[in-house]
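Undergrad: Could you use the hints to bring the two separately framed chains together as a complex?
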Amino acid sequence: MTELKLSHTAAMILKAIDAGHVYGFSVMEVTGLASGTVYPATRRLERDGLIRSKWEEQSIADAGQRPLRKYYTLTRSGRATLEASEKRYPLLARLMPSEKAETA
Amino acid sequence: MRIHLAILRGAALLVPEQQRGEWLAEWKSELWHAWQEPHGMNLLTFCFGSFRDALWLRREGPVPRSYGVLHLDVPAFPDGFPEPPGTFLRSPVQCLSFLFGAAVVCTVLAFALPWARHVLMPVSDPVASGLVMLSPAGYNAANANDPMNPYPSVSVAQFRSLRDETQGQFAGIGFYLPEYMGNFLIARTSRGLLELLKIRVPQDGDHPALLLSDKGWRRLLHGDPGVAGRTIRLRGRDGPRTVRIGGVLAENQWRLPEDVDGFLIENPATLPSEDKGFVLARLEKSGAFPHCAFRYVRVASRGRRFLLPIMTVFFVSLLLVPLTTAFSAASFPSLRMGARGWALLAAKIALLLPIVCFGALDLAGISPLVLDLSFFGGIFAMRWALSDQARRCPVCLRLLENPVRIGQSSRTFLEWHGTELVCLQGHGLLHVPEPASIWFTEQRWMDLGPSWSELFP
Chain A
1 MTELKLSHTA AMILKAIDAG HVYGFSVMEV TGLASGTVYP ATRRLERDGL
51 IRSKWEEQSI ADAGQRPLRK YYTLTRSGRA TLEASEKRYP LLARLMPSEK
101 AETA
Chain B
1 MRIHLAILRG AALLVPEQQR GEWLAEWKSE LWHAWQEPHG MNLLTFCFGS
51 FRDALWLRRE GPVPRSYGVL HLDVPAFPDG FPEPPGTFLR SPVQCLSFLF
101 GAAVVCTVLA FALPWARHVL MPVSDPVASG LVMLSPAGYN AANANDPMNP
151 YPSVSVAQFR SLRDETQGQF AGIGFYLPEY MGNFLIARTS RGLLELLKIR
201 VPQDGDHPAL LLSDKGWRRL LHGDPGVAGR TIRLRGRDGP RTVRIGGVLA
251 ENQWRLPEDV DGFLIENPAT LPSEDKGFVL ARLEKSGAFP HCAFRYVRVA
301 SRGRRFLLPI MTVFFVSLLL VPLTTAFSAA SFPSLRMGAR GWALLAAKIA
351 LLLPIVCFGA LDLAGISPLV LDLSFFGGIF AMRWALSDQA RRCPVCLRLL
401 ENPVRIGQSS RTFLEWHGTE LVCLQGHGLL HVPEPASIWF TEQRWMDLGP
451 SWSELFP
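As they're listed, the protein sequences go chains A and B. No gaps in the numbering here: position 29 of the first sequence is 29 in the numbering used here, and each next residue is one more. No gaps in the numbering here: position 300 of the second sequence is 300 in the numbering used here, and each next residue is one more.
You may find that some hints are simply not true.
To be verified - To spell it out: a stretch of chain A is covered by chain B in this simulated footprint if at least three of its residues, at any positions, have a beta carbon under 8 Å from a beta carbon of chain B; those stretches are:
#: 1; stretch: 13–25
#: 2; stretch: 34–43
What the hints assert, rightly or not - Chain B is faced by these chain A residues, among others (derived, beta-carbon under 10 Å):
#: 3; residue: M28
#: 4; residue: E29
#: 5; residue: R47
#: 6; residue: S53
#: 7; residue: W55
If you are wondering where the hints come from, they were derived from the structure by calculation, not from laboratory data. For each residue, glycine too, the CB sits at the ideal point set by N, CA and C.
This is chain B alone, in the form it adopts within the complex (with noise of 0.2 Å):
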């Protein structure tokens, strides 16, 4: 039945507010005689007809008040007085506390759904402690430093004899070299790198073992079940050349640079001098960095990195709302009232900040859909903190409510000329013109004296 609840409150949510709690009243009763109908009614399509209903209502307005009395947790405004739209954000806290409970739930999903987690958490916690990638210190390509997307910087040559160096300063270290084998992309690795992952290592044979990737096994041999311990052909740069099938590993499993297919284990004095590739290693439990003329970053880190083209997009969003549309300080008579209005709207972009950021991450992990998302969303976020701003009280920061079109058409040819909005604890009263007539350019505040509290309650 939750189910079911849970759907009806959803569509609660269409029907205007004042009459939210008779039509979700009458829906559950239904739904409780529905569920004891013995015919076995679809009680799903049952719910999903209150979305019609619930639309009708919402888009033809009020229907009579049924007789007899039904006990609810009547709103606090008489009949009649009609309530605006999002009036749970009526007040400053219900706003923030909205927005934060939003930004909880936005970050919570990208650690929880494994395309976000796949992007923030490279690889597990106890592989990914003290790992790093190194890169030389004179290296000054772009993305060098980047370990979701870097370039291969470290030669075999380089790295044989960074082993030798720093011999026993590293816990341990690795190193593998991406070459495309025909249309697969193996990585040719020692078996250090792959103890460094802490993945399993097949036993020695006669020829070398090649670990597949998920990707790689479905590519290569269909899924297949049976594939352990078969050998097969790679054409290499040295030629065709026999391997065995040591294993697949799982999905995700590897998720550092270059999205290879599988993994050639072979002698590291084997592979060819010049040829660059990547280096791992693991710093000792002191944290502390041999000394070596090769610099490191925190494979750990990668998530932290990877957000942070996301939050630029987002910041450079937020800048052009403002450029490129015309506001003047009468806009946010909330503004113009001290720090308490600034501090909302500060408070209110911090909140929206991992909203839309993870919130892009949650819909699309790492596609590059994930910027656009993040650049309309800052966009979307941003105009809204602003309207939302513009319609509150600078004295108490609620929204103003209530709004009333004023004018005369007969007089003006403008139809309405107008809206007032008020603020209900009596604070003003905000003059917003649609158009902007010579009497009125641009939107007015006027403050409501004492003399105006009788009609507060």
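For reference, chain A alone in the conformation it holds in the complex (with noise of 0.2 Å):
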């Protein structure tokens, strides 16, 4: 398989998702992006087949008396690109540490 280049934005919105900020706006809030960058980038990750996208289940929603709410995953591919972009951006895991480093 060839090796997808990623911006560095959308190499910093994969970061976001792998680190757990698992939603659009969650994402918009670690990296700083406008909401026009982050939702066309996350379409674009998806349609690539880097992430997939869950609705969660009504039950939570309703127990959080909120709206139902679109969950970012990476897939396998997904972390194959992720992996290859932090060593082309090395900046990129200290700007982003993402949570299952920090509990270790």
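TA: Structure representation (structure tokens):
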């Protein structure tokens, strides 16, 4: 499979999702990017098979008395692309330490 | 939150219809969470980002479906069945309802927006009621009967004799004589005219009183609020004269011919006998017009008279489209099958009339641009009405849908050589050649018999 090269912005969004910021607004908050950048970028990443989206269960939203939320997760190829992007953009990991790394 | 939701709904119109529900649900959910954000995010900026997202989806096409279940109003068509643009106009009833709604909105706006209302309703109802503008019966100048832009046609001497002749037969009568004094256009008038227009007349003083229009007040005295009672000198034909400023009229209070800067209240006996001006009168409650050598036009009908040229331009543009565009009978299968197709076309054009005319008025008010807008709007409207008609089923008059490009590039060198559209009720297929070939010169309608009905639920 040919490696997909991501722009810095796309890599940052992928990294944010990997770091546990799994919905659009949270990605916006952590990256500081505008909504007009984040949402089209997530769609592009989804179209390219690097992330996939999932609507949460209605019961969870009902319990929280809030609207249903759409969550994003990395696919296997998304994870591989992120690893390649982290080599290409070494500051990415420092900009956004993943929650997993923090808890470890 | 309403305005934010309205922005999202506006942006959703850009999203392909199949994805619109899910897209809007996601953005509404995100907006809700952004709203809960304690750090005070700019929600408007957030919402305007949705347009970029919607445009991306429109340009790039669908993204994979999300996992999970989202309960939305799912469109009637199964996945992969492309919805054509403008599906809200699909049935003739939907199409006419949409046009009717647009016509109502344009008409209501024309009476609500100040610049359009100014044209349609020259003076407030109680003032305009029974108010007429007079011109001599033999007077034959163009626009003589147009209360918006007539020429001054009644001399001071004629006015005096008319006033004496009809004494007591009008509820009121007045005269005004526009005259340039320096750079300012001043209406020399009598108290009677201002009383006729229900304008408060200032008290008499040592000098004649000058009532300034809002425009004149700004031009002459730069909007100085303390002008009442001040005396100024105006240079008229008879030499300079001192006048006392009696007050300033409210903006748009004067909407009759000649955009004057002020009204100089004088004794009519002092006006030069041969100069021509305008005569206004108010009819008695019975509405009877006294027997005299004058004719009249009601001031309240000014709006209708102003609409006339706009409508004329609209109809000219309607005629230009079929005259300058090559249409064949085959282009309109819906018109070949009887009166219903023609009725639909006529109804569409009838509803486009107020949309274009009032829409032009809403956008341009009284400026000359209104005629240009009416002309080009008429051309656009007629082209739309005809192209919409050309894509309707002759049986049910619904829009034909699901265009499929046909042909094989390797065989014809023309790549796709046509498009086929289908009536979703199963009435038939429309073949549209592009470009015309020897076997298909113009579009062709093919009826589908009852044996096809199983394919159409």
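Undergrad: Hints first: check each against the structure and report whether it holds.
TA: Checked hints:
no.	hint	verdict
1	13–25	holds (count 3)
2	34–43	holds (count 8)
3	M28	8 Å, holds
4	E29	8 Å, holds
5	R47	5 Å, holds
6	S53	4 Å, holds
7	W55	3 Å, holds
The structure is consistent with each of the numbered hints, conforming to all of them.
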